[in-house]
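Colleague: Residues per chain are reported as follows:
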Amino acid sequence: MASSAIEITGVTKVYPGDNPVTALENIDLEIADGEFAALLGPSGCGKSTLLNLLAGFETVTAGNLHVYGEAVTAPGPQRAVVFQEAALFPWLNVWENVVFGPKVQGMPAQQYEQKASETLKLVGLENFAKHLPVQLSGGMRQRVGIARVLVMEPTLLLMDEPFGALDAQTRLTMQQLLLDVWEGLKKTVVFVTHDIDEAILLADVIYVMSARPGRIATRIPVEVPRPRNLDTLTDVHFNEMKKRIMHEMRVDQH
Amino acid sequence: MSTALSGQRSKRMALAACLPVLFLLTWEVMGRYDLLIAGLIPTPSAVLRAWWVWAAGAGGLALNPYSGTWGANLWFSLQRVGEGYLLAIVLGVPLGIFIGWSRLAARLVDPSIQWLRPIPITAWLPFSIALFGINEFGAIFLITLGAFYPIVVNTTQGARDVDKNLVRAARMMGAGGGSLLRRVILPAALPSVFTGLRIGLGIAWTAVIVAEMVAVKSGLGYVLWDAYYVGRMDVVIADMVSIGLMGYVSDRLVVFIESRLLTWRRMQSY
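Same order as they appear, the protein sequences are chains A and B. For the first sequence, my numbering begins at 1 and goes up steadily by one. For the second sequence, my numbering begins at 1 and goes up steadily by one.
Simulated from the structure, these hints should not be mistaken for laboratory data. Computed from a predicted model, the values in this text were never measured in an experiment. One or more hints might be untrue.
[Stated by the list, open to error] Examples of chain A residues lying across from chain B (beta carbon under 7 Å, computed): (1) ALA87; (2) GLY101; (3) PRO213.
We treat Cβ as the ideally placed atom computed from N, Cα and C, and that holds for glycine.
I would like the entire structure built from these sequences, with the hints used as guidance.
Modeller: Put into structure tokens, the structure is as follows:
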């Protein structure tokens with residue numbers, strides 16, 4: 001088996017204050033290199049908090065968190081994040097948003113320009129390079145959000161409900177796009193979602209989380225063969241998986 | 001389509017002109033029938049004549065010391081506003097970004113600014129004259145000080161309100177320190193910065209007039225006070241209108257620059 005990309009041991013996150021909130025309690029998690037892992041759970045289960053810890057946006061209250069053997073202390077281009085609302089810079093056009101990473105890292109233009117054009121093409125936005133984010137639909141904005149991190153060639157991709165704000169039709173399109181992109185790259189992905197279908201369709205392994213305090217309730221390997229596509233959503237394996245997960249989640253509530 | 005649009009535009013302009021035209025006509029007619037306090041308030045036509053001489057008359061005439069000096073005085077005021085205002089921008093914007101961004105800077109600097117801000121620039125006049133004497137620097141000091149507050153306060157607000165996810169995104173892509181401030185915080189704060197720039201510009205014009213009335217011997221403010229002393233109300237009014245005009249034109253210039261820099265913002269609001 002491949003070495004582990006992410007090792008989380010005994011991680012607890014408490015937000016201090018008059019009424020301290022324990023967002024995560026004693027999380028243990030290991031995600032293998034090249035694995036697509038989904039964190040699935042209701043709102044308030046701490047799945048986004050866990051992602052923010054991995055990204056380095058927040059720090060743990062207790063425990064250890066290692067990505068490729070290194071303790072996470074700050075955000076960085078190796079742990080790329082795709083945000084729910086894309087979080088593009090509204091004053092930069094699509095191209096400028098996509099090359100933002102390489103540019104601030106001081107890379108010379110000729111080194112990233114080709115890669116950036118290829119990536120734009122990969123997400124189907126080669127004709128929108130000069131558009132401002134405000135001129136794009138939600139789905140297109142999220143394509144830019146994906147392109148700007150792929151261009152940095154990160155070792156880990158962290159996705160925080162990236163399709164949660166999109167309409168159902170666009171969400172399906174984006175899921176297909178992500179499947180295609182991932183098949184080509186096989187990068188380690190941690191994908192936060194509250195949508196069971198999405199988790200099964202995309203992930204190799206699903207971590208079901210429970211809320212208050214946030215804990216990992218169960219780990220479910222997804223036994224649906226790859227390559228997958230939107231037809232997978234109606235396939236027998238898929239429905240069996242879904243039944244099982246729904247059962248696990250119900251059990252967890254009692 | 002475009003003719004309909006321009007038709008609408010000219011209709012709007014005609015509507016906007018109604019009140020001023022009515023006002024000027026009434027004023028002129030009242031003047032001609034001696035209904036204005038005699039000798040105190042000149043008619044609009046008299047103001048225009050005085051303005052013409054002030055602007056285009058031959059210089060150096062002992063009979064009319066204002067003859068032909070409009071351009072020079074306008075230039076003096078404009079230069080002072082330009083210098084003081086630019087200085088206020090150069091000081092206020094970076095400081096505001098810094099205060100808005102760093103909690104330490106906010107705690108260190110912000111209270112002092114809030115304590116000094118309630119002192120009106122007019123109250124600084126004697127201090128400024130004592131410090132700089134009757135010269136340029138006193139005027140520029142007042143203009144800079146007056147414009148500085150709204151610029152720094154609005155920039156601070158803008159830098160403080162930057163979307164947290166934009167900052168996280170930038171950090172994640174490797175931006176830190178100076179590049180984060182320059183590439184993310186400043187552009188994100190720019191709409192607020194321009195609010196401060198416009199308020200600051202208005203205060204800069206107030207400050208230059210006050211300063212020139214007392215602390216320098218040239219410029220539109222100086223002429224304003226001087227003309228009042230010798231009873232030239234026609235020049236006083238022509239001067240007032242000149243100041244208003246300059247304030248208006250300079251504000252339009254800032255708005256124009258704003259619209260060029262903030263295309264993304266304008267498109268967002270549609």
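Colleague: Next, verify each hint and record whether it holds.
Modeller: Structure-based check of all given hints:
1. ALA87: holds (4 Å)
2. GLY101: holds (4 Å)
3. PRO213: violated (24 Å)
Taken one by one, the earlier hints fail for this structure only at number 3.
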